[in-house]
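Novice: What follows is the residue order along each chain.
Number of protein chains: 2
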Amino acid sequence: MSRIAIVGCGVVGSSWALVFLRAGFEVVLFDAAPAARENAAAFVRAALADLRDQSMAGPDPVEQTIGRLSLAGSLEEAIAGATYVQESAPERVEIKRELYRTLDRLVPPNVVIGSSTSGLPASSFTEGLATARRCLVVHPINPPHLIPLVEIVPSPWTGASVMEEVTTLMRRIGQSPIRLTREINGFVVNRLQSAMLGEAFRLVEDGICTAAEVDAAVSNGLGLRWFFMGPFETIDLNAPTGIAEYCRNLGPMYQGLAKEQADPRAWSASLVGAVEAERRQATPAEGLALRRSWRDRCLAAFVAAKRRVLAEAAATPTEKDA
Amino acid sequence: MSRIAIVGCGVVGSSWALVFLRAGFEVVLFDAAPAARENAAAFVRAALADLRDQSMAGPDPVEQTIGRLSLAGSLEEAIAGATYVQESAPERVEIKRELYRTLDRLVPPNVVIGSSTSGLPASSFTEGLATARRCLVVHPINPPHLIPLVEIVPSPWTGASVMEEVTTLMRRIGQSPIRLTREINGFVVNRLQSAMLGEAFRLVEDGICTAAEVDAAVSNGLGLRWFFMGPFETIDLNAPTGIAEYCRNLGPMYQGLAKEQADPRAWSASLVGAVEAERRQATPAEGLALRRSWRDRCLAAFVAAKRRVLAEAAATPTEKDA
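Taken in sequence, the protein lines are chains A and B. Counting from 1, one number per residue, gives the positions in the first sequence under UniProt numbering. Counting from 1, one number per residue, gives the positions in the second sequence under UniProt numbering.
Be careful, since some hints might not be right.
What the hints assert, rightly or not - Here are the in silico distance ranges between beta carbons for each label pair:
1. A:P156 <-> B:M253: 19 to 27 Å
2. A:R182 <-> B:R308: 38 to 46 Å
3. A:R105 <-> B:M253: 27 to 35 Å
4. B:A269 <-> A:G256: 17 to 25 Å
5. A:R248 <-> B:V93: 13 to 21 Å
6. B:T241 <-> A:A35: 20 to 28 Å
7. B:P108 <-> A:E312: 44 to 52 Å
8. A:Q281 <-> B:A35: 49 to 57 Å
9. B:Q64 <-> A:V62: 43 to 51 Å
10. A:A35 <-> B:N249: 22 to 30 Å
11. A:S55 <-> B:G207: 32 to 40 Å
12. A:P34 <-> B:A289: 19 to 27 Å
13. B:M253 <-> A:T102: 20 to 28 Å
I should point out that these hints are in silico values taken from the structure, not numbers from a laboratory. Bear in mind that the values here come from a model prediction, so they are computed numbers and not experimental data. Glycine residues also receive a C-beta, built at the ideal position from the N, C-alpha and C atoms.
Start from the sequences, fold in the hints, and give me the full structure.
Specialist: Written out as structure tokens, the structure is:
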């Protein structure tokens, strides 16, 4: 039986636990703070109950799924017998370095260690370790029990077979992995988000529209297509013969815009302050927690709706429409 | 009774007709090509029938809604008695200039002319017209009967009251308007899309991942949140106290990425060719039409699901979750 060790039980580690549990794995949690382990277990129990309504809690009854979860009193105990380690420790390179030196001694032979880091390259905390070729970044989008994307990023010394093994594991638990060929700042997701945020802040700073209007441009416009097609498929379907025609027609326009956007700006205190003020009008500070639970409830419903609609659409080809 | 003239009945004009009709307006269509008028009427009839399943066809029976649609044999006939004109002519400035010179003579007093142009500033085809202060860009995202966002962009001489009037009209027909303060290349939507596409092509050109993996990063990751929150609200909810804290923590990382991304590149023929080849593997040329009908069917279902989920979420506040 496969047994997953989750090291670090904050928001990300807790959600990872849920992902592995509902896929049928045994999961053992460890966090240096005992309270964090207890909180994670409570989170998993509550989230599993919520997900049942969306058919996203896995095939087993909640009690049986929860029964596969255990809390380890020490890192040694968590790692012993693990077949995969998902490290979700705090995002500081000195913490990761120390942790990986310990993991390097403890981890059983051939076991892979994936890091949830959203920004640190694996090379920055695995160089010289005996286990280095079994270490890599396995970066989820928070929370992974609702958002399937996982970025798999090798360090220069990660083994090709390790990349394969983790890809297979991620698919098996229902996540959607992409594999970067090499380390790059921000990986793919945060680079795309960076491009979007850079222009979003630029539009507000230049007084073109409000932050709420930028948000509407995405949530009532671009985001409706990006929800189920990426940027490439979106434009591929927007010209009769596909993306090459689209680029012939609109490439020059985009090239012109790209030049205007090649203007990296720091987000000034006054700009951030203005956006913060606008956001606090929409959602006051004391309403943020409630808004987050609204977000997670909506996200679960949308992900469930997406699965249902895509399955129905795949099951009913409409040749007549073509 | 309000009567909308749609001038230019391609894909965009036809969808606009549907938007106004289902909102209860009378609509008169004109296109210089008689076949285009007939095609538009056929499209409206078919789409209304499809939308009924999603409760997006308006309150009236289909026959009654269709009964408010008429085809004009001439531009004069279309414009006479119109209370608003939505111009959706081909995207070439010389065509727009000539059309607007004619509209300038024909349009009744006080009637506003909104242009569907996705890229031409209104100042480029309305300068010097008697009606210039009543002309502006009212840019939909295609197709407007499924995607509610509308960009309202004034020329330097568009009247403030005209902006107000069109905003009110767009809200009344169920669209979601944003108002730019001034003309800017690409408006808001295509500037945001430009930022996204620029980085998407850069990642593929640099061999970091495939085009399909970029698409997955959005459709299985970022796009799930952007579907119902924009980029600002997304990061606002990703730090305990909101966006200012998020920017304090991650601003330096994004600033570093922005510098790497300040590298405007033309999309080379070989790069576009590689992405085109990858896309044609996923969807062969002969399958594009079928894939477009898949897209529109999915889009309608997702927009309907979004309305339902957001309405339910708003109706069931969960103070206990906060």
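Novice: Can the suggested window of 13 to 21 Å be confirmed for the beta-carbon pair R248 (chain A) and V93 (chain B)?
Specialist: Given a distance of about 19 Å, which is inside 13 to 21 Å, the answer is holds.
Novice: Okay, P156 (chain A) versus M253 (chain B) on CB: inside 19 to 27 Å?
Specialist: Hint holds: Cβ distance 21 Å, inside 19 to 27 Å.
Novice: Given the hint of 19 to 27 Å, is the C-beta distance from P34 (chain A) to A289 (chain B) inside that range or not?
Specialist: 60 Å, violated
Novice: For the hint 22 to 30 Å, verify it against the beta carbon of A35 (chain A) and that of N249 (chain B).
Specialist: 23 Å, holds
Novice: Can the suggested window of 27 to 35 Å be confirmed for the beta-carbon pair R105 (chain A) and M253 (chain B)?
Specialist: Taking Cβ atoms as reference, R105 (chain A) and M253 (chain B) lie about 31 Å apart, which means the hint holds.
Novice: So does Q281 (chain A) sit 49 to 57 Å from A35 (chain B), Cβ to Cβ?
Specialist: Because 51 Å falls inside the window, the suggested range holds.
Novice: How does the Cβ-Cβ distance of R182 (chain A) and R308 (chain B) compare with 38 to 46 Å: does it lie in that range?
Specialist: 43 Å, holds
Novice: I want to verify a distance hint. Is the separation of the beta carbons of A269 (chain B) and G256 (chain A) within 17 to 25 Å?
Specialist: 18 Å, holds
Novice: Starting from the range 20 to 28 Å, see whether the pair T241 (chain B) and A35 (chain A) falls in it by beta-carbon distance.
Specialist: 22 Å, holds
Novice: Falls inside 43 to 51 Å, the C-beta gap from Q64 (chain B) to V62 (chain A)?
Specialist: With Cβ atoms ~50 Å apart, the hint holds.
Novice: Starting from the hint 44 to 52 Å, judge whether the C-beta atoms of P108 (chain B) and E312 (chain A) obey it.
Specialist: 47 Å, holds
Novice: Using the C-beta atoms of M253 (chain B) and T102 (chain A), is the stated range 20 to 28 Å upheld?
Specialist: Since the Cβ atoms of M253 (chain B) and T102 (chain A) sit about 27 Å apart, the hinted range of 20 to 28 Å holds.
Hint check: a violation occurs at hint 12 only; the rest are consistent with the structure.
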